[in-house]
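There are 4 protein chains.
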Amino acid sequence: MTVATGRSALEAELSLRVTKPGRLALSVAAAESAGVDTERLEIEGPSGSIPAVPPAELPHGTKIHVLDLPPGEVTISYRAERDGGPVEPIPLTEADLITYTRPSRYCPSDRMIGIALADFGRLPDPLSKVRAIVSYVAQRLVYVSGSSRPTDGALDTLLAGEGVCRDFAHLCVTYCRGLDIPARFVSVYAPGLSPMDFHAVFEAAIDGRWYMFDASRLAPRSSMVRIATGRDAADTAFLSTLGSEIDLRTTRVNATVVPATRIEEITDLVALA
Amino acid sequence: MTVATGRSALEAELSLRVTKPGRLALSVAAAESAGVDTERLEIEGPSGSIPAVPPAELPHGTKIHVLDLPPGEVTISYRAERDGGPVEPIPLTEADLITYTRPSRYCPSDRMIGIALADFGRLPDPLSKVRAIVSYVAQRLVYVSGSSRPTDGALDTLLAGEGVCRDFAHLCVTYCRGLDIPARFVSVYAPGLSPMDFHAVFEAAIDGRWYMFDASRLAPRSSMVRIATGRDAADTAFLSTLGSEIDLRTTRVNATVVPATRIEEITDLVALA
Amino acid sequence: MTVATGRSALEAELSLRVTKPGRLALSVAAAESAGVDTERLEIEGPSGSIPAVPPAELPHGTKIHVLDLPPGEVTISYRAERDGGPVEPIPLTEADLITYTRPSRYCPSDRMIGIALADFGRLPDPLSKVRAIVSYVAQRLVYVSGSSRPTDGALDTLLAGEGVCRDFAHLCVTYCRGLDIPARFVSVYAPGLSPMDFHAVFEAAIDGRWYMFDASRLAPRSSMVRIATGRDAADTAFLSTLGSEIDLRTTRVNATVVPATRIEEITDLVALA
Amino acid sequence: MTVATGRSALEAELSLRVTKPGRLALSVAAAESAGVDTERLEIEGPSGSIPAVPPAELPHGTKIHVLDLPPGEVTISYRAERDGGPVEPIPLTEADLITYTRPSRYCPSDRMIGIALADFGRLPDPLSKVRAIVSYVAQRLVYVSGSSRPTDGALDTLLAGEGVCRDFAHLCVTYCRGLDIPARFVSVYAPGLSPMDFHAVFEAAIDGRWYMFDASRLAPRSSMVRIATGRDAADTAFLSTLGSEIDLRTTRVNATVVPATRIEEITDLVALA
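Chains as they are written, first to last, in UniProt numbering: chain A, 1 to 273; chain B, 1 to 273; chain C, 1 to 273; chain D, 1 to 273.
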C-alpha cells in the first residue's frame, strides 16, 4: 500500500527567555526518513545569531539539536520542505518488537494488562484489536485543550475521560502494549490541524510493519510528517532543558501541503515516512 | 420491603503475637443495629485472661474494641447470636448524603468522574446506574484470592481487573460517588460464604434509603450481618495497630443462619440491619 | 493553657453561575464551637432572594448549608462576628483517636509509614515528632499559589516540593498518622492572612488534646476561627456540587480581629475553638 | 582509572512451564562489552533440545534471545566465562545524555524534581550529588526480600522505605535525572552476592563517562559483569513473555570470580565493562 501527497512546507518558531544559561534539547526537525529537501534552523540570541550544531541522531532517525544558550531572549526558527512521494511502511526490527511492548513513563502497560484484556482481549487478531482500541479511545475521550499536565500518563487520561493529542496517543499505546502489540509514540507536523500546533499520533506493529493511527482524528494522517519517534512523550518533547532554565513565551507552528490529499476514506492502514 | 431470615451464629477467632505492646483496635463485633441478643468477647493473653473494655462507638453503630495488649501470644475470640427478624431500610441523613459522596482513601471518586460519566452517565436514574455498576463490576473483575495489597484502591482494581471482596466493593463505591450517588463500605459476617472469612459489600443511597449490593456475588445478601460501616476499608479493618506491633497468626471466621433463606430471586433491593 | 484574642469579623462572598440546577453544599459558616454571636447567610438568585435552610451538622460542629439553586447568576454572602474569649483545648474522644489515625483521600498515611519512620521515628515523643514534622514541612515546601490540583494529595506535594496551604496541612497530617499520631484537617478564617482567602491548618492529638499547627506560617494561629473539621480537604471544601453544575466566578474572603494579638512567641501549643 | 579482576564464571538456569506457547524474550547473556570468551545457551523442551537463535542486539550491547517455545516443561541454561582484564569507563554519547535524563516507567523523575532539588540541589557538582544520593538511599532504604511488586517504581520505594536491588537502583536513577544527571539501570552478574541471584545497579554520567554505583552495597562492584543496560527494569527483565504464558518454577544463578578482588576501598568510581 502506498500513499502519495503533495509538497509540504513545515515551520516552527519558538520564542523564549533563557533565565539560567545552559543546554537545551530541541526536537522540531523532521525525521531523517521524512526526506526533507530543504531545511534550515536559525537561532537569534540577545547578541545576534547563534550557529546551530549538527543534530544528535536518536533511534528511528529522530534528530535532536542540543543548543547551548546564553541568558536573555532567544528566537528559534525551523523551516523545511519535502515532496510527499509514495511511502512504504517501515519494517520493524526484532529489537523494536521487544522495546515497544515494554511499559514506559506515560504508557504503564504493565498496570493495564487486566483492563486491556477485559476490553479487547477477545478480538481475534492484532489489526482488529488496534482498530477497536482506536475507535474506543476516539469515542470515550473528549478533546479538551489544556486539560492535562506534562506529568499525566495514560491512567490519568483513562480516568479523566479527556485530554489532548498526546493523551489520546498514550492511552492507545498503553492498551496495545497491554495486549503484547508493539506500539510507539510519534510527534508530527500535521497539515490541516486546527488550531495548528505540534501533533502526536501512534504507530502499532501489525504483521511485521508499523502503521500509524490517530484516535484524536484531528488531521488527515496521509500528509503528516514525522518528527520524533519513541516510547511516549518523554522521548519526543519539542523542548527539554538539560540544566538550563527557560520561560517559553510563544510557540508558532505551521504546516501545509499542496495539493492536500486525504486517503482516510480508502484505508485506515497508513504508514508514515 | 422487608426481609426475614433465621437465627444467626457469628464467630471470629484471631490468634496473634504482640511483638511491641500497646493499643490495638478490634472491629469484629456486630453493629449496634444488628440487634444481637447474646455477645461475648474473650481475650487470652500470655498470663491469663484479659478483661475487655466496652467498645468505642463510631458512626452508624460501629463498635470498636480498643485493647491494650502485653507482649506475647494473644487469642481473641468473639461470639454472638441474633434473630433475623424483618429489617427496614435505614433512612439516610443529610450528613450521610454529603459524607458519602466525598472521595476517600480507597475510593478516589474525584479521579474517576470522567470514566464514571462515560460508562454510566447516560442511564436515567440512580437505581439503574447502581444496577449497571454492579453488573459491570461483577462481570469485569475476576475474584483472585490474595491478588491485592492493603494499600490498593479502586483505581488499582479497575486496572488489574481482579481483586477480592473489598476491591469489588471499592470499585462500585467509587463509580457511584463519581456519579454523585452516596455510597459506603460495609464489613459483614456472611453466612454461606465459601471459603468462610470476613466479607465486604457496599450500600448505595437510592430515594432516601440505603440499599446493599455485592458485586462479588459470593454469598446471599439477605442473611449478612453488619459489622463496621464507613467510607472504605480504612474504616472497617478488623484489626488495626495504634502504636503496638503484632504478627497475625490465624484468623478464623464462622457465620451460619438457620433456616437459610435467599431472597435474591425476588429483588435486588436488600437492606442491611 | 488559654488564649484570648479580640473581636473578629468574618465575611465570605461567592459569586457563581449555576449551569445545571440542583443541590450544592456550602461550608463557609464558622463551626458551632467558634461561638459566633451574630451570623447571617444571604443568597441572591436570578429572580430575587433565596431563603437559606438551617445547616446540616457534621462531626465536630461543622455546619454545611445544602442549597437548592436555580439556573443563572447566584451570589452567596456569609457574615459573622464573635468575641475571642479564652479557649480551652478540645478533648479528643476514643472515636477521634481511631478515625484520625486512619489514612484518607489526600493523606494516604498507609503508603508513607516507611518514610515517616525514617524521617521522624527516632524522636522520643508525639510532641517532638509533630514539632519536627511542622519544621521540616515548613522548610521543605515552597508556597506557590496555584501550584496544585484539587486531586493532588500529600504524596504529590512531597514530590513536587511546593503547594498551597491545603498541601502543607495534608503533608503534615500524613506524616503524623504514619507515626500513629491522630491528626486532622481544619479550614479556617485567618485574620492577617495575605492575600486574604480561606485558609487550612491541621490539628494533632497530643496527650489527649487537639493542638493546632500551621506549617505554612502565613497567619497568626491565635486568631483563626474554625470552619470545617475533617480527615482532609475532601471534608472541608467550601463548595461542592451534589448533582448541580456551576461556574465559580469570584470568591472574596475577609477576616479581621481587633485588637490583633499574637501569642506565637509564647508557645506553639495553640488550641482552636 | 582501570580495574582488573580475575576470571569469572557465570551461570543462569531457569526452569519453567509454558502454559500458552509463543515467544519469550530472554535477557541473561552477558553484554557484548563484557567480552566473554566462552558462552553457551541450551534449551531443553518437553520433546528434546530446542536450538537457540542468535540474539537480537539492543542498545549498549544488550543481547536478547527471542525464543519460540512449545507448551510444557522447559529448562533454559546459560553459561559463560570471561577474563576480567582492565576496563576503561565507557564514554557516553550525546544521544545517551538526552535519553538517560528522561523520565521512564519506574524512574518518573519528572515527578521528583522538587524533592531532588530540595534534598541534593545545593551540592556543588554532579559527582558530589551522585555520592550523596547513593549514601542517602543506602541509609534510608532497608533491603527486604520480596518487599516490592514488579509494577512498583521509585516513588513506591521512597515511600515504603524498603525494597530489593532494583528498587535501590530505581530510586538513585530517579534522583539523578531529577537533577539533570544522566543515569541508567544495569542488570549484572554479581560474584559475591548472597543469596546469589541476578543483581541490579545503576550508572551515572559524570564528566562525560559512565560510572557504576550500587546503593544496596551487597556485592563488590569491581567484579560485576554487565547483562542488560537500559532506562530501568522494564529494559532489563531477564524474562518477558511476548504473547506466550508461562509459570516460572525456579531461577538459579551462579557467578564466581577467581581471584576475587575488591577495589571499593580505593575509589567509588568504578566503570563496568
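Everything labelled a hint here was simulated from the structure, so no lab data went into it.
Keep in mind that the hints are not guaranteed to be accurate.
If you want the footprint, here are the derived chain B segments under chain C, 3+ residues with CB under 8 angstroms [stated by the list, open to error]:
1. 69-81
2. 93-103
3. 106-113
Remember, predicted model here, so these are calculated numbers, not experimental data.
All C-beta atoms, glycine included, are put in the ideal place defined by N, C-alpha and C.
So, going through the hints one by one against the coordinates:
{"no.": "1", "hint": "69-81", "in the structure": "violated (count 0)"}
{"no.": "2", "hint": "93-103", "in the structure": "holds (count 9)"}
{"no.": "3", "hint": "106-113", "in the structure": "holds (count 3)"}
Hint compliance for this structure: hint 1 is the single one not met.
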